[in-house]
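**Student:** With the hints as constraints, model all of the structure from the sequences given.
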Amino acid sequence: MFRLFYIFYHVLLLFMVPFLFLQFLCKKKIKGFKEQFIIQFFGYSNATRESNKILKKNLVWVHAVSLGEVQGVTPLLEKLHEIEPDRMIFLTVTTKTAWDYMQQYVKTIILLDAQKFKMEVLPLDFPWAIKRFCKDLKPSVLVLMETEIWPNLIRSCKMNKTRVILVNGRLSPDSFRAYKMGKRFFRGILNEIDVVVAQSDKDSDRFKELGYEKEVPVFNNLKFDVRPKKHHLVNGGELRSRLAKKTVWLALSTREGEEKEISTSWRQRMFSEKDEVLIIVPRHPERFYKVLREVELGGCTADTKTNFLRQKNTYSKGCPSILIGDSIGEVQMYLAASDMVLIGGSVISRGGQNPLEACIQKKIIFFGSYMFNFENISNDLIKEKGAVLIKTYQEWFSEGEKILNDENRWKSLRDNAFDFISRRGGSSEKYADLILNDQQSFNSNH
64 MFRLFYIFYH VLLLFMVPFL FLQFLCKKKI KGFKEQFIIQ FFGYSNATRE
114 SNKILKKNLV WVHAVSLGEV QGVTPLLEKL HEIEPDRMIF LTVTTKTAWD
164 YMQQYVKTII LLDAQKFKME VLPLDFPWAI KRFCKDLKPS VLVLMETEIW
214 PNLIRSCKMN KTRVILVNGR LSPDSFRAYK MGKRFFRGIL NEIDVVVAQS
264 DKDSDRFKEL GYEKEVPVFN NLKFDVRPKK HHLVNGGELR SRLAKKTVWL
314 ALSTREGEEK EISTSWRQRM FSEKDEVLII VPRHPERFYK VLREVELGGC
364 TADTKTNFLR QKNTYSKGCP SILIGDSIGE VQMYLAASDM VLIGGSVISR
414 GGQNPLEACI QKKIIFFGSY MFNFENISND LIKEKGAVLI KTYQEWFSEG
464 EKILNDENRW KSLRDNAFDF ISRRGGSSEK YADLILNDQQ SFNSNH
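First residue of the sequence shown? That's 64 in this note's numbering, and the numbers climb one at a time after it.
None of these hints come from the bench; they were simulated from the model.
Warning: the hint list may mix true and false statements.
No more than 25 Å apart at the CA atoms, straight line, and that leaves these computed lysine-lysine pairs for BS3-like [claimed, not checked]:
hint, residue 1, residue 2
1, K465, K493
2, K221, K179
3, K277, K265
4, K292, K179
5, K243, K265
6, K293, K308
As the structure is a prediction and not an experimental result, all values here were calculated from the model.
**Tutor:** Below is the structure:
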């Protein structure tokens with residue numbers, strides 16, 4: 064039966080080739096058109112062959128699909144390099160934002176030298192492309208982040224005797240329901256993974272319910288180990304100084320439709336001419352300038368962060384009412400410049416965003432009831448009084464106003480948020496131990 068499902072999966076992939084090609088044409092390219100096409104559709108990559116020549120053994124392959132996963136996995140990359148600096152690390156990503164972030168990350172943090180760290184775009188899950196990619200790379204272990212469960216990727220690694228480990232395992236309610244519908248097929252794929260480690264008891268139970276036959280241990284979310292980088296804190300401080308406002312409000316990772324409502328509520332608030340500024344950071348880069356136009360049409364003075372910092376003479380005596388964050392991978396910088404933080408996509412049903420980076424910087428955190436992509440974190444954060452639950456954007460401002468005028472509550476929320484993340488760190492070291500040691504060692508120690 065499992066073999067029949069695999070045949071069906073391959074037939075489905077063949078039918079999807081034209082649609083995937085159209086999608087490829089429409090998306091922004093990470094590399095040149097020809098180079099990326101050859102990698103994604105056929106699996107030929109200079110980076111894999113170069114990595115194999117440099118170090119044929121001892122290579123750790125880490126796959127993190129998008130910006131959020133890449134940011135979450137950086138503490139693990141740093142820990143792996145700290146423990147074994149000669150270990151080759153090969154990272155694959157899927158989205159341009161993830162690629163751009165890591166390019167900047169390596170330059171500014173100097174994580175690894177070019178001989179010990181390589182990065183590439185992951186091919187699509189076509190059997191011929193994945194087989195070629197895996198054959199050229201020959202990793203000792205493949206580390207998958209969260210829910211990156213691709214049948215041909217996993218099977219090709221197993222055929223090459225590569226250990227497969229799923230770290231920070233997570234199954235949202237929607238993902239769980241979808242996988243459950245194809246449980247008979249998914250169970251076979253899942254059990255080809257050597258180790259699954261979940262980020263919560265609920266996620267562990269879901270993996271078991273889907274048919275994973277081994278134990279599913281639980282480590283804290285890797286994102287608890289993310290810490291702000293010095294250059295982001297410095298740049299955030301400089302932005303705050305340029306803004307020269309008493310209070311800075313930050314709407315972080317906003318989705319389509321949110322900005323209009325937020326700016327409308329903001330315009331009503333600013334009738335009283337408060338010494339404040341609002342920063343809106345849209346989740347998707349392609350929407351930066353659309354959001355700027357939308358906010359301006361709504362009657363607010365606005366500009367992008369980049370233009371604001373560039374035009375010192377224009378803004379020598381003040382700043383616009385709303386600033387649009389138009390840079391990628393600078394969440395920590397925007398947080399460093401702000402006081403009151405709204406988690407985007409949580410007041411409307413979009414699943415929210417990771418609030419942990421705001422916790423470590425002791426910000427006042429607000430989110431709505433739709434934090435299902437970070438269900439356990441948000442629930443625990445509310446229980447420990449490290450965040451404020453709201454229903455509307457107007458409530459963000461009204462509740463925030465109360466906190467601004469209550470010094471004890473202000474201090475309590477900040478301290479509780481910081482304590483929440485500080486007590487839960489350390490999973491990157493556990494994961495590094497798991498990855499760098501064999502399966503028997505892991506079982507005996509855990």
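**Student:** Where does the structure disagree with the numbered hints, that is, which hint numbers, in rising order?
**Tutor:** 1
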